[in-house]
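**Student:** Chains A and V, in that order, give the protein sequences. The UniProt record's numbering numbers the first residue of the first sequence as 1 and each following residue consecutively. The UniProt record's numbering numbers the first residue of the second sequence as 1 and each following residue consecutively.
It is worth saying that the hints were derived from the structure and are not from the lab. Among these hints, one or two may not hold up.
Said to hold, decoys possible - Output of the computed footprint for chain A on chain V, the stretches with three or more beta carbons under 8 Å from beta carbons of chain A:
#1 24-38
#2 80-88
#3 161-170
Stated by the list, open to error - Across the chosen pairs, the derived CB separations fall in these ranges:
#4 A:Tyr-50 <-> V:Leu-39: 20 to 30 Å
#5 A:Pro-235 <-> V:Phe-274: 32 to 42 Å
#6 A:Thr-161 <-> V:Leu-180: 48 to 58 Å
#7 A:Gly-54 <-> V:Gly-28: 53 to 63 Å
#8 A:Gly-167 <-> V:Gly-76: 34 to 44 Å
We treat Cβ as the ideally placed atom computed from N, Cα and C, and that holds for glycine.
One letter stands for each residue in the lines below.
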Amino acid sequence: MSTTTARDLADPAPAKPTPAAPRRGLRGSRTLNFWLFTGPFLIGLALFVYVPIGWSLYLSFFEARFTVTPEKFTGFANYTYMLTNPDFVGSLGTFTVFAAFIVPTTWALSLGLALLVNRLRFLRGFFRSVFFLPTACSYVAAALIWKMSIFSGVRFGLMNTVLDWFGVENIAWLADPSPPWYWVVIVSARLWLQSGFYMILFLAALQNIPGELYEAAAIDGAKPGWQTFRHITLPQLRATSTAVVLLLLIAAYQAFDEFFNLLSKTTWGRPPLVELYYTALGENQDYGAGSAGAVILTVLICAVTLLQGKFLGFGKGEGTT
Amino acid sequence: MTVTVPRARESAPPRPVRRHGSVLGNAGLYLATGIAAFLFLVPFYLLVRNALSTDAEITGEHWKFFPTDLQWGNIGALFDDSSVPFARSLLNSTVVAVLHTAGVLLVCSLAGYALARIPYRHANKVFYAVLGTLMVPTAVTFVPSFVLVSSLGWVDSYRGLIVPGLFSGFTCFLFRQYFLGFPKELEEAARVDGLGYWGAYWRVVVPNSLNFFAAIATITFINGWNSFLWPLVIGQDPSAWTVQVALSSYMTNQTVVFHQIFMATAISILPLLFVFLFLQRWLVQGIAQTGIKG
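One chain only, chain V, in its complex shape (with noise of 0.2 Å):
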């Protein structure tokens, strides 16, 4: 996949054909990209008006293209609200983004390093047992898992909200189609140099595999900010809520303050915006790679 797509991206443009493409068609076609590109924005605008503004401005007769005072102090105020435990949620979250990713990471390729490199007897039956798990999507099994879970007594903790997650036949599948084309001399190498498969893997295989990692790792953390249907489940104290359980919480509020509603929206983004700006290039390579998110 790597070797791919820098060979592709030289050979890509398919340009000559479209050279004698007047003036007139680079225009239409800068236009028509110019329009969708302000449609996927317009969401971000509202985001970022509604939330600095007040709200009778956001109510007001008239629409109001964008607040004339900018009201940093919706930050404060939607911190200092306690009807629903914000603060508690973003760290909630960050916790639970960081661990999952974590984890998953070391749990499924150590897992898919085996299943690719390891040759052991029964190391396809072992695969076929991987496989079968894709066929089952888990948000399908959130009842059977939440029996599980909370039998387990592990209702509203971090426990909960984590561990069951980090357990992706697919992630480890992933795993070991990326190291079934890692190149074998380099263990080799290592294997000369007296280390076993625990030693080669962690001083050899995964320096050398960072980039893997890092797309991987930015899709996961993506995933596990974003998900929200195994925190709703898990998350039955407001303690334990994480950003989407207290985002989807406003919604349902008695009383609805619009502006602290889009406030709370944007800086739950926050850090994926970041992720976004800085990471893209792991990122994209990530989906590239893999086709899915997840």
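Okay, chain A solo, but in the shape it has when bound (with noise of 0.2 Å):
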């Protein structure tokens, strides 16, 4: 629209008039027009994506506490420091347990809902509003309603109140980390929260399932049930249960607001970015050490996900981050 904001951020351009200049009019007006419409986004992308990366790696070799500007240069203590850390260290194990329990549930329940919601006549969009609408909550949410009512450790917590009926004694919940008792807390908050969006995906993959398929397998004698669940549903549905899986993996990796919230001022069951949080900005603000770990866990999650799209086939834009 308007020639100066188009010159400006045409900035590049200008670099090279020369192969521009003769084919006049299209290929410069579409040079001009890819950088009046890129540049916006580019310009923010480098700022405040790429400029952040390369900060933290310059700030993880220095010694960084309660400035951004440092002039210890330390080699890679903050790493070392990082790694050896047990509670750094400790942080990745919660997430390797956790990622235990909430992928597999989650995958099986979101699936679950979706072949029960597929199957229903009557009342069917009514079931998928019900099991979709948690989407709606924020961890913080479902963090409050879980620790404050469901899972209080006192009397008059859901959960103790119908336990009292069985007879069975008080449970600390989220008090207590021996038995962690913490994790049926987490699992099932984020179970709660995240089933009904990826029973949406089951949901859609399962109507492209082409009915063809199920009335052959009818004729070659397959029951309906396990059978043509087994050998037709679960085959068909594998692209969208790894990109699922996939999914899930990146989401328990940069879970935080649940673990932050349930768990306030406890030292146990804390993830990565939980840690780094309290690294960078807790008492000690240590950018330094922070910004290495941030760096871990970026190759970590790299190298995650390179190695699994190898082993699972992902193309590059399959559309799964």
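Dock chain to chain to rebuild the complex, using the hints, since each chain is given by itself in its own frame.
**Tutor:** This is the structure we're talking about:
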């Protein structure tokens, strides 16, 4: 529209004026338009994504406490500190346990719900909405309901009330790490929050399975139920299943909200991001060590994503982060 | 995508197999679904019950199914309490979620369109620069991002809350994929009418893509409203808290007032329930199309 903005954003274009000039009109206007359209996004991407990554690489090699313009170069000291820090290494263990619980359970529950809803003839939309509704809640809201009501460690918590009917003693769900009941709280909260979302993905995939397959199977004598599920539905859902597992893993890796709110002020059950939060923004404000931790986590997640892509056959741009 | 979904739905019911499923089987199906639905609704029940009870009823000796007198006064009490600036946090969340959504749509759709449709020699290199950022989840880089934003002096400001989150490589990628499938004929017609790329984009491409924009907008708004980590890091002063940070602070308050906490949570969820009830079509479409939140 206005040529002034266009020229500002088209910064890189004037660097090579010669190739654009001879073919006048089209090529020139394409280049200009390309930068006009992508300019705002790319500037922001550079400033708020690439610069922070670069800066954190830089900080990770310095002693940077309470300052972001450090002077004391310390080489790999921050890295060795983080990698030998039992809290940080422990947080990776916490993530592993969490992923081992949450990935299979969410996968199974969301697939189960999708199968149920897909079979319904009446009230299908209603039930779909019910299972989907928790997606509207934030992790903070869910953590609050879980901590203050369902899994409240005192007598009037819902779970303890129900257990009391069966004569079971009160359980301190979150306040006591042994036995680690807090996993029940954390996993059930996330299950409630995200199963409906993945159910939608499975539903869409289920509806894309051609009906002829089931007809052919029936003719071949396959019994409806387990046999058709095992030999037709499940293989047909393979692509969606692997995508869901990958998404679940990445989401688990970034878990923060519910851990932070459910287990505030405790020293157990800290996943990597919570640990980083306390390292970099806690009392010590150790940006150097925090940055080193962020770099380590980034490298890990890149490695996992690439490995998964290799083994599960994800092509570029299949739309799964 | 939009083409496959309706067609799939027509061919969907593989029902003939199931027709001899007995009445008993159907009852079992509805029983299982019903129990699951009941369990999914329990937290909502607790939320409403506790929000409208007195604390004595919540903590009473025997479980009270529902308060005898609904305590609507709890709403007023919540806003009167000055220890947590709840009204301010609602305002902050509204501003942040709305501007976040508008900004993401504008910036990412323009870039996505250019990557899909404007031929330029180095477009591929630019595209890879965008794809590369998908490898690094933004949540993991919150430490360096905070360092940057704080050195810009943007802590405790709307700018700091909103701007860094606008440049989503993933949303840009989604727009590119969508525009790759946008009918070329429409743009060519616009070109014949003498419109340039910019004019064609605003007069032809955007008006014909409103469904897709609505789907992305719904998901982006929900994520903006519900996000917690970044607002927690940036909102150091209570006046800059979003509603999620305010809720979190209720939990760590010295004195716990149960009905207050639950009323605050209920109110914080209301806008999104509205989105769910009235925009579910776009939301479901958006999820099916994108396969991911944010």
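**Student:** Would you mind marking each hint as holding or not holding in the structure?
**Tutor:** Hints and how they fare:
With a threshold of 8 Å between beta carbons, the proposed coverage of the region 24-38 of chain V by chain A holds, since 6 of its residues qualify and at least three are required. For the region 80-88 of chain V, the stated coverage by chain A is not satisfied: 0 residues place a CB nearer than 8 Å to a CB of that chain, which falls below the threshold of 3. Given a C-beta distance limit of less than 8 Å, the hint that chain A covers the region 161-170 of chain V holds, as 6 residues qualify and 3 suffice. As the Cβ distance of Tyr-50 (chain A) to Leu-39 (chain V) is approximately 45 Å, the hint placing it in 20 to 30 Å is violated.
Pro-235 (chain A) and Phe-274 (chain V) have their C-beta atoms about 40 Å apart, which keeps the hinted 32 to 42 Å range intact. About 55 Å separates the C-beta atoms of Thr-161 (chain A) and Leu-180 (chain V), a value consistent with the hinted range of 48 to 58 Å. Between Gly-54 (chain A) and Gly-28 (chain V), the C-beta spacing of about 59 Å keeps the proposed range 53 to 63 Å intact. In this structure the supplied range 34 to 44 Å holds for Gly-167 (chain A) paired with Gly-76 (chain V), their Cβ-Cβ distance being about 41 Å.
Violated hints for the displayed structure, listed by number in ascending order: 2 and 4.
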